[in-house]
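Chains as they are written, first to last, in the working numbering: chain A, 975 to 1180; chain L, 68 to 479; chain R, -13 to 154.
I should point out that these hints are in silico values taken from the structure, not numbers from a laboratory. Every value quoted in this text rests on a predicted model; they were computed, and no experiment measured them. Fair warning: there could be bad hints in the mix.
As the list claims (entries may be wrong) - Away from chain A, derived, C-beta distances all over 12 angstroms, residues of chain R:
id	residue
1	G(-11)
2	I7
3	N34
4	T35
5	E126
6	P138
7	D141
8	A142
9	R144
Unchecked claim - In silico lysine-lysine, DSS-like type, Cα no more than 25 angstroms apart, as pairs:
id	chain 1	residue 1	chain 2	residue 2
10	R	K147	L	K358
11	R	K147	L	K409
12	R	K147	A	K1128
Backbone N, C-alpha and C fix where the C-beta goes; we use that ideal spot for every residue, glycine too.
As a plain string of letters, each chain reads:
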Amino acid sequence: MGLNSLMAVPHVDYKNTHREMTTDIKKTDVNLVEAPDGHLGEGFFATSIEKVIGLARANSLWPLPFATSCCGIEFMATMGSNYDLARFGSERMSFSPRQADVLLVAGTIAKKLGPVLKQVYLQMAEPRWVIAIGACASSGGIFDTYSVLQGIDKVIPVDVYVPGCPPRPEQIIDGIMKVQELAKNEPLRRRNSPQYQALLTSYGIQ
Amino acid sequence: MDQTTLKENKIKNTASGEERESDLHIEYTTLNLGPTHPATHGIFQNILTMDGEIVIDSEQTCGYIHRAFEKIAERRPYYQITTLTDRLNYCSSPINNIGWHMTVEKLIGVDIPKRAQYMRVIIMEFARISDHLVCNAVIGVDTGALTGFTYLFQWREKIYDIFEHICGARLTTNIGRIGGLERDFSPEVYKKINEFLADFPKIFKEFSTLLERNRIFFDRTNKTGPITAERALNYGFTGPNLRAAGVDYDVRVANPYSSYEDFDFQIPIGVNGDTYDRFMVRQEEIWQSLKIIRQALDNMPAGKYFADVPEFYLPPKEDVYNNMEALIWHFKIVMGESDVPKGEVYHAVEGGNGELGFYLVSDGGRTPYKLHFRRPCFIFYQAYPEMIRGGMLSDAIVTLSSLNVIAGELDA
Amino acid sequence: MAGITNEFLLERLQQQFGEKIKAAEETFGIVSVVIEPDSILDIVKWLNTDNILKFKFLTDICGSHYPDLTGQELCAVYHVQSMENNVRLRLKAFMPVSKPEIPSLTSLYSSANWMERETYDFYGINFIGHPNLKRILNVEEMDYFPLRKEFPLEDATRTDKEDQYFGR
Chain A
975 MGLNSLMAVP HVDYKNTHRE MTTDIKKTDV NLVEAPDGHL GEGFFATSIE KVIGLARANS
1035 LWPLPFATSC CGIEFMATMG SNYDLARFGS ERMSFSPRQA DVLLVAGTIA KKLGPVLKQV
1095 YLQMAEPRWV IAIGACASSG GIFDTYSVLQ GIDKVIPVDV YVPGCPPRPE QIIDGIMKVQ
1155 ELAKNEPLRR RNSPQYQALL TSYGIQ
Chain L
68 MDQTTLKENK IKNTASGEER ESDLHIEYTT LNLGPTHPAT HGIFQNILTM DGEIVIDSEQ
128 TCGYIHRAFE KIAERRPYYQ ITTLTDRLNY CSSPINNIGW HMTVEKLIGV DIPKRAQYMR
188 VIIMEFARIS DHLVCNAVIG VDTGALTGFT YLFQWREKIY DIFEHICGAR LTTNIGRIGG
248 LERDFSPEVY KKINEFLADF PKIFKEFSTL LERNRIFFDR TNKTGPITAE RALNYGFTGP
308 NLRAAGVDYD VRVANPYSSY EDFDFQIPIG VNGDTYDRFM VRQEEIWQSL KIIRQALDNM
368 PAGKYFADVP EFYLPPKEDV YNNMEALIWH FKIVMGESDV PKGEVYHAVE GGNGELGFYL
428 VSDGGRTPYK LHFRRPCFIF YQAYPEMIRG GMLSDAIVTL SSLNVIAGEL DA
Chain R
-13 MAGITNEFLL ERLQQQFGEK IKAAEETFGI VSVVIEPDSI LDIVKWLNTD NILKFKFLTD
47 ICGSHYPDLT GQELCAVYHV QSMENNVRLR LKAFMPVSKP EIPSLTSLYS SANWMERETY
107 DFYGINFIGH PNLKRILNVE EMDYFPLRKE FPLEDATRTD KEDQYFGR
């Protein structure tokens, strides 16, 4: 029970109250977040701060939907009630880059839009992740033309690529879950490390 | 709304009526309704000149998603261009696909069997419903009513389900073939369509009661972004936006294609050409589309679902594996070695936003010599500055979403 | 809706403009006439104001490039339609690539504004009298007209796609 109150889940212990009310013991299907490794004691739970922060970040990723074309409509369907992205912590779609964690680029990015995308990426605060949704954002897709950017990784570093044209909402959710894995396991000092700085400099980002 | 006059730096004394020059320097502000904006539902930029909250003028930039469709089309064989047309108005891609197929069928001069035509009508009307549902849900969202969006998107999933059973894809459907459809409707499709026709009207009525006579919604949308019928025609409007202004032009009635003349439906028209009229015209068009689908389903003729045009229509797989002639046709079609007559053809269909035209010039080769899409969004979006002049910023947002500008069709 | 036939339309057009109509044919249900670039504004204005024909709607403007027709490489194609009479008309005007100029229709139809900008952007046809003839869909700094036949579709500077694997 002490574990539950630390993990910010409902205070009511479903398992025990249910057992009291009915004669047969039913298993609950409420999924709780997996607790990280640590020392459990009477009224306390000790773990590394990295893991706790990772857990908090992973389960409340606020996306910035940079929806350009057809993948944007599939993203809207993912946000809808049938596939519901909100249950993964992405309840609030932040349209302001300052308050967003994940940049979801869905759709074709033309060369005219490249500087705009870079500007939006620069305005985001660390830690930030980028998902390229769809074939056009990953590699230019079916549009191998003079006016289309052949993948957004030409202008910004990308963490997860979700292929598809357009990808099904389940695939988009899979992409978000991969970012959750990344966020959960990311070391705290990664954003200050020389490798990350080198990655950013290779894109011309200070 | 009246056109506001230029701000004069004068202060009027209301008691004595005399005017004098003001010491205050009043100037207009520039607001960038930039390419990425939560409420623009697409990637296009408007630089607004504002006097406080009133919009004086607007300068537009588009092309942020220009994908050079027309240049790509000069490289692709005819059946590969269907995947390009998918991505024009991606909210109703079956209409674009079938429109393209009809253009090529017009060029090669083949008649499609009645059954295939009725099936195409059903698919196109579902696509129209799907498009109008997005537009109306989004008008609700822009006035703050998010509930309607969640209701309607759940029902759009049912339409996606039907498309998946017909062709395998949800959004960018690549439906049908030149010469008909790739397979007949399975019993599952009929079951799903009947379920949709039975259950959807109740939900749509619920959505209508949320917004149609809602005082707040009406005040937000009535008389905002108006355009007169004459100006709309001059700006090249077609589709629901033109019908909201009062002109009853519908390509399905004026130049009927694919057996639309067999169906009994009405064309709703508006009065003012404002946002409320555009919303209501789309609402009514959804009801009319449901009526058309019901009629097509009830009167579906028996017969084949494809025409006899072996140079374009892939033969069934059993024949390809057993019959030499079918194998050769299959090879020729996939390699794009079909003979197409020379000529130029213009064919228009009623897309979700208006008259979607295909101007195809063929020189007899395996790819078109030139293909131009007459995209309704590109043409009517020019009228946007005139529609929002004199209104407030929030009206400009609602007007933009009521026009249903789809960025893919805007830039092509 | 009762309309006028294509033959009547062609007859009336030839009656009014005679030698300005250089060629005329009916393809796939639409009358298609070839005219000199300078006469486009007069013809379209007459079509608009004529009481019988009533062509009050400009459907489309696009361009085309025929590199083999020397002296007449670029072509501007106009589609107009009469909603009341339910008839369409296609007008084509050929221009040499060295001097691709044609009067603009923006004074008559507001919809011609962006359509002419798009045609300029793709083919380089200059519309004289256009209030704001600059590129609309491509980047402003682009210095060539991409839809002309001599330019390739792909971006030659891209590094991640090898032409040999794509059959080019």
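Task: Proposed proximity, K1128/A with K147/R (alpha carbon, max 25 angstroms) - done: This hinted pair holds, its Cα atoms lying about 13 angstroms apart.
Open item on the list: Just want to verify: G(-11)/R was marked as not at the interface with chain A; is every Cβ pair farther apart than 12 angstroms?
Closed with: holds (38 angstroms)
Open item on the list: Verify this label for me: D141/R is non-interface relative to chain A, using a Cβ-Cβ cutoff of 12 angstroms.
Closed with: violated (5 angstroms)
Open item on the list: Check whether the Cα positions of K147/R and K358/L lie no farther apart than 25 angstroms.
Closed with: Between K147/R and K358/L the Cα gap is close to 49 angstroms, so the pair fails against 25 angstroms, i.e. violated.
- [ ] Could you check that no beta carbon of chain A comes within 12 angstroms of the beta carbon of T35/R?
- [x] Non-interface label stands for T35/R: nearest chain A Cβ at 40 angstroms, farther than 12 angstroms.
Task: 25 angstroms Cα cutoff - pair K147/R, K409/L - done: Violated, at roughly 34 angstroms.
Task: Assertion that I7/R lies farther than 12 angstroms from chain A (Cβ) - done: holds (37 angstroms)
TODO: Hey, is P138/R genuinely clear of chain A, shortest beta carbon separation above 12 angstroms?
DONE: For P138/R, whose nearest Cβ neighbour in chain A is about 8 angstroms away, the distance does not exceed 12 angstroms, so it is violated.
Task: E126/R non-interfacial with respect to chain A [C-beta, more than 12 angstroms] - done: violated (9 angstroms)
Task: Non-interface label on A142/R, tested against every C-beta of chain A at 12 angstroms - done: Non-interface label on A142/R violated, nearest chain A Cβ at 8 angstroms vs cutoff 12 angstroms.
Open item on the list: Is the claim that N34/R lies outside the interface with chain A correct, judged by CB distances over 12 angstroms?
Closed with: Consistent with the label, N34/R stays out of reach of chain A, its closest Cβ about 35 angstroms off (over 12 angstroms).
Task: 12 angstroms cut-off, C-beta based - R144/R kept clear of every residue in chain A - done: violated (5 angstroms)
Violated hints, listed in ascending order, are 5, 6, 7, 8, 9, 10 and 11; each of the other numbered hints is respected by the structure.
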